[in-house]
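Given next are the chains, with one letter for each unit.
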Amino acid sequence: MRLKRRFWRRNNAELNCKEVGQVLQAYLDGELEDADAPLVAAHLEDCRLCGLESASYERIKAALAQPMPEGADPEAIDRLRSFGQGLTGD
Amino acid sequence: MAEQETEERDEAAAKARFDEYVLPEVDVMYRVAMSLTRNSADAEDLVQDALLRAYRAIHRFDGRYPRAWLLTILRNAQVNRVRRKRPELLRDPDTTMERVADTSDGGRTAEELVVDMGFDAEVEKAFEGLPDKFREVVVMVDIDGLSYQEAADRIGVPVGTIMSRLHRARKRIKKQLEAAGLGPRESS
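Residue numbers (my numbering), protein chains in the order written: chain F, 1 to 90; chain B, 1 to 188.
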C-alpha cells in the first residue's frame, strides 16, 4: 500500500498524525510500501500519542495470535463457574 | 429480628454483586491461573481459592474494574500458595514477590504476566463478539498471517474491503479494552 499525500505536503519529509492514522494498520501489518514505512516509523518515535496508539494495536495483534495455554481443561471453567454459584447458594 | 433482616439483606446484596462482577470473569481467571501455574489442576485450585477470597471481600469492592480487582486477588492467592510450598520465603517476606517472579517466563514478573493475560483474555472476548464478516478478516490476517491480497482473493472482495473491515474490527477490540480499563500503557 502507498501513502497518499496532499500535493502541498508532498515535499514535507515529516508526516502528520492524520497521515499516519490513515496508514497505521497497513504499516503494522507490513503492507506499507518500503519507501513510506520509515516515514511512519519516524513519526511514531516522535509523537507520543501515535506511538501509544500504535503500541496498543501491536499488543492486540500479538494477543490475537496467541492460542489458549497448553494443557488447559475447557471443562474446568464450567466446574469453576458451578463452584462460584455454589458460594452464593444458587 | 431487625438484625436478622439486615444480615439477610447484606447477604442478598453480596450475592448479587458476586453474580454481577465475579462470575463473568471466571474464564479469564482460569486462563491467567493457567499461565501462573502451568498446570490445569493447580490452576483450578488457585481460581477456587481466589473465588472464595473474592466472595469474602465483595462487600468492600467498589464496583470499578472488577477484572483488575479479581486478578489482584488471584495474584495474592498465588503468592500465598508459593509461600506455603516454599516456607523459607516466610523468613524473608520482602523478597517474596521477586521469588514468585521466578515462576513466570521471559523475564516478566508475575504481576506483569497477570496484567498481560487479562489483556489477552479481553482481546479474545472482544474478538468473539465481533460480527462474522469482521472476525473472518481478523482470522485471515492476524491469526493465519495472510496478506491483504491473499485475504481478498480468498473471500472474493477488493483489498480495500479487507482493510476497512480489519480496521473497524481492531477499533472495536480497542474500544472494548479501553472500556475494561485496559487501554494503552506507556511501556509494555
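Keep in mind the hints are simulated off the structure, nothing from the lab.
All C-beta atoms in this analysis are idealised placements derived from N, C-alpha and C, irrespective of residue type, glycine included.
Hints are supplied without guarantee of correctness; some may be wrong.
Said to hold, decoys possible - Counterexamples of contact, computed for chain B against chain F with all Cβ distances above 12 angstroms: (1) Y65; (2) A68; (3) R84; (4) D132; (5) R154.
Claimed, not checked - Straight-line C-alpha distance at most 20 angstroms; calculated SDA-like pairs for lysine to any residue: (6) B/K133 <-> B/K171; (7) B/K15 <-> F/K61; (8) F/K4 <-> B/E124; (9) F/K18 <-> F/R48; (10) F/K61 <-> B/K133; (11) F/K61 <-> B/E150.
Verification of the supplied hints:
no., hint, result
1, Y65, "holds (17 angstroms)"
2, A68, "holds (16 angstroms)"
3, R84, "holds (20 angstroms)"
4, D132, "holds (16 angstroms)"
5, R154, "holds (16 angstroms)"
6, B/K133 <-> B/K171, "holds (15 angstroms)"
7, B/K15 <-> F/K61, "violated (37 angstroms)"
8, F/K4 <-> B/E124, "violated (33 angstroms)"
9, F/K18 <-> F/R48, "holds (14 angstroms)"
10, F/K61 <-> B/K133, "holds (18 angstroms)"
11, F/K61 <-> B/E150, "holds (18 angstroms)"
The structure does not agree with the numbered hints 7 and 8 stated previously, though it agrees with the rest.
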